[in-house]
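Asker: In the working numbering, the protein residues as written are 4 to 436.
In short, the hints are calculated from the structure, not lab data. Hints should not be assumed to be uniformly reliable.
[Claimed, not checked] Below, computed lysine-lysine pairings styled on DSS-like, alpha-carbon distance capped at 30 Å:
no., residue 1, residue 2
1, K49, K83
2, K248, K191
3, K420, K248
4, K248, K432
5, K49, K81
6, K81, K248
7, K83, K191
8, K432, K414
9, K191, K420
10, K83, K248
11, K432, K420
12, K191, K49
13, K74, K248
14, K49, K74
All values derive from a computational prediction rather than experimental measurement.
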Amino acid sequence: MNISVPRRVTAVAALAALALGGLTGTASAGSQAAAAAPDIPLANVKQHLADLQSIATANGGNRAHGRTGYKASIDFVKAKLDAAGYTTTVQTFTSGGSTGYNLIADWPGGDPNQVLMAGSHLDSVSSGPGINDNGSGSAAVLETALAVSRAGFQPTKHLRFGWWGAEELGLVGSKYYVAQLPSTERAKLSGYLNFDMIGSPNPGYFVYDDDPTIETTFKNYFAGIGVPTEIETEGDGRSDHASFKNVGIPVGGLFTGASRVKTSAQVQKWGGTATAFDRCYHSSCDTTSNINDTALDRNSDAIAHAIWTLSAGTTTPPGTVFENSADVSVPDNGAAVTSTVDVTGITGNAPSNLAVGVDIIHTYRGDLVVDLIAPDGSVYSLSNRSGGSADNIQQTFTVNASSEVANGAWKLRVQDKAAIDTGYINNFKLTFP
Numbered sequence: 004m005n006i007s008v009p010r011r012v013t014a015v016a017a018l019a020a021l022a023l024g025g026l027t028g029t030a031s032a033g034s035q036a037a038a039a040a041p042d043i044p045l046a047n048v049k050q051h052l053a054d055l056q057s058i059a060t061a062n063g064g065n066r067a068h069g070r071t072g073y074k075a076s077i078d079f080v081k082a083k084l085d086a087a088g089y090t091t092t093v094q095t096f097t098s099g100g101s102t103g104y105n106l107i108a109d110w111p112g113g114d115p116n117q118v119l120m121a122g123s124h125l126d127s128v129s130s131g132p133g134i135n136d137n138g139s140g141s142a143a144v145l146e147t148a149l150a151v152s153r154a155g156f157q158p159t160k161h162l163r164f165g166w167w168g169a170e171e172l173g174l175v176g177s178k179y180y181v182a183q184l185p186s187t188e189r190a191k192l193s194g195y196l197n198f199d200m201i202g203s204p205n206p207g208y209f210v211y212d213d214d215p216t217i218e219t220t221f222k223n224y225f226a227g228i229g230v231p232t233e234i235e236t237e238g239d240g241r242s243d244h245a246s247f248k249n250v251g252i253p254v255g256g257l258f259t260g261a262s263r264v265k266t267s268a269q270v271q272k273w274g275g276t277a278t279a280f281d282r283c284y285h286s287s288c289d290t291t292s293n294i295n296d297t298a299l300d301r302n303s304d305a306i307a308h309a310i311w312t313l314s315a316g317t318t319t320p321p322g323t324v325f326e327n328s329a330d331v332s333v334p335d336n337g338a339a340v341t342s343t344v345d346v347t348g349i350t351g352n353a354p355s356n357l358a359v360g361v362d363i364i365h366t367y368r369g370d371l372v373v374d375l376i377a378p379d380g381s382v383y384s385l386s387n388r389s390g391g392s393a394d395n396i397q398q399t400f401t402v403n404a405s406s407e408v409a410n411g412a413w414k415l416r417v418q419d420k421a422a423i424d425t426g427y428i429n430n431f432k433l434t435f436p
């Protein structure tokens with residue numbers, strides 16, 4: 004990796020309802036896909052890490068951009084994917100006077116106009132072999148891609164995997180890949196999943212909060228195995244997902260921590276010690292001894308869960324969408340705030356199945372009262388301090404608003420009713436079928 008903790012601790016995060024959107028189809032389709040996701044063998048992922056360690060050892064102790072160890076790493080991953088039936092492409096670029104390489108692997112089949120992509124950076128810093136940063140993400144993505152092949156998986160969406168060069172120099176490889184994509188190809192990417200440092204020796208379990216549907220998919224997985232998560236902040240914008248996010252592509256991912264120190268609350272939550280998540284971050288000791296097997300195993304399985312789940316969906320359900328994505332801060336134990344959507348051009352009344360998309364980032368959803376307010380002032384309760392100590396409210400509610408005139412100013416009203424925790428309205432949208 005090129006590099007606010009919630010104050011109330013929950014033992015197990017509550018399952019968030021999975022919003023129906025561009026990344027998933029019906030709830031039943033998502034459930035079936037998730038059930039079909041295979042267990043990713045930890046031994047296989049660790050063998051890939053051992054192979055990357057051997058490559059570094061044979062090439063001056065690292066796998067950095069411009070060094071022989073990096074090109075050998077690309078060749079190693081490419082050979083595995085070629086043998087598994089992928090169509091692979093090596094993309095070259097120049098940085099710092101040296102040739103860099105990205106590896107792209109496409110799985111045959113799936114809708115070419117809906118592409119789900121997962122990736123990780125394959126380069127290390129020059130001071131060490133980079134086994135956690137980022138052999139861990141690279142090995143887990145590789146093994147998930149090989150699991151797709153072993154299963155003969157044929158999802159609705161087209162699957163693509165990527166391994167990026169020169170991330171440690173400023174996301175150079177992924178920026179180059181995105182810059183080379185024509186706008187028509189960018190539009191086909193329904194999501195990009197990033198995995199950077201997922202086996203830290205003193206691990207936390209962090210989930211990117213960039214796209215609500217991707218975030219919920221990962222949080223559902225961890226909640227299902229009884230592992231609480233937190234929103235990732237240490238590496239926000241400092242790994243390859245930023246290259247995709249900056250051009251409007253939905254992104255998400257996982258992280259287990261780098262040089263920040265694990266807090267006492269996090270030690271209580273996850274175990275470990277109140278020291279750095281990865282004491283060998285960007286150091287020569289980032290070897291195969293610098294991996295927590297449990298974290299690597301859990302995150303590898305979470306990757307497969309997300310790939311199987313998110314690739315099974317269809318396009319966004321038909322309808323007219325009105326949306327407000329401006330952030331609105333929710334005062335701690337304070338006055339109610341609103342986010343407004345102005346609906347125009349709809350004939351007659353609102354439907355009996357008005358879809359109300361709510362994306363509220365908050366460290367304790369049990370503090371929140373959330374209402375939909377119709378243009379005439381009628382109030383529809385969406386959530387009244389439910390969900391306990393889980394964080395965030397990210398779901399689509401269905402409201403019978405057939406007695407309301409459709410056009411006008413609709414408001415999402417949110418009030419924090421208790422002290423300590425904070426948050427904001429991230430997005431509010433109405434979908435008229």
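Asker: Decide if the proposed pair is consistent with the structure: K432 and K420, CA atoms, cutoff 30 Å inclusive.
Answerer: 23 Å, holds
Asker: For the pair we were handed, K49 and K74, check the Cα-Cα distance against 30 Å.
Answerer: Between K49 and K74 the Cα gap is close to 20 Å, so the pair holds against 30 Å.
Asker: Taking 30 Å as the top limit, are the C-alpha atoms of K49 and K81 close enough?
Answerer: Answer holds: K49 to K81 is near 18 Å, not above 30 Å.
Asker: Is K420 within 30 Å of K248, Cα to Cα?
Answerer: Answer violated: K420 to K248 is near 33 Å, above 30 Å.
Asker: Given the proposed pairing of K248 with K432, does the C-alpha separation stay at or below 30 Å?
Answerer: Judged against 30 Å, a Cα distance of about 20 Å means the pair holds.
Asker: Verify the proposed pairing of K191 with K420, using a straight-line Cα cut of 30 Å.
Answerer: Violated, at about 42 Å.
Asker: Between K83 and K191, is the straight-line Cα distance small enough, at 30 Å or below?
Answerer: 26 Å, holds
Asker: CA of K81 to CA of K248, is that 30 Å or under?
Answerer: 26 Å, holds
Asker: Holds or violated: K248 with K191, Cα cutoff 30 Å?
Answerer: Holds - the C-alpha atoms of K191 and K248 are around 14 Å apart, at most 30 Å.
Asker: Please work out if K74 and K248 have their alpha carbons no farther apart than 30 Å.
Answerer: Holds, at roughly 27 Å.
Asker: For K83 and K248, compute the direct alpha-carbon distance and say whether it is at most 30 Å.
Answerer: 29 Å, holds
Asker: Within a Cα-Cα threshold of 30 Å, do K432 and K414 meet the stated pairing?
Answerer: 10 Å, holds
Hint compliance for this structure: hints 3, 9 and 12 are broken, all remaining hints hold.
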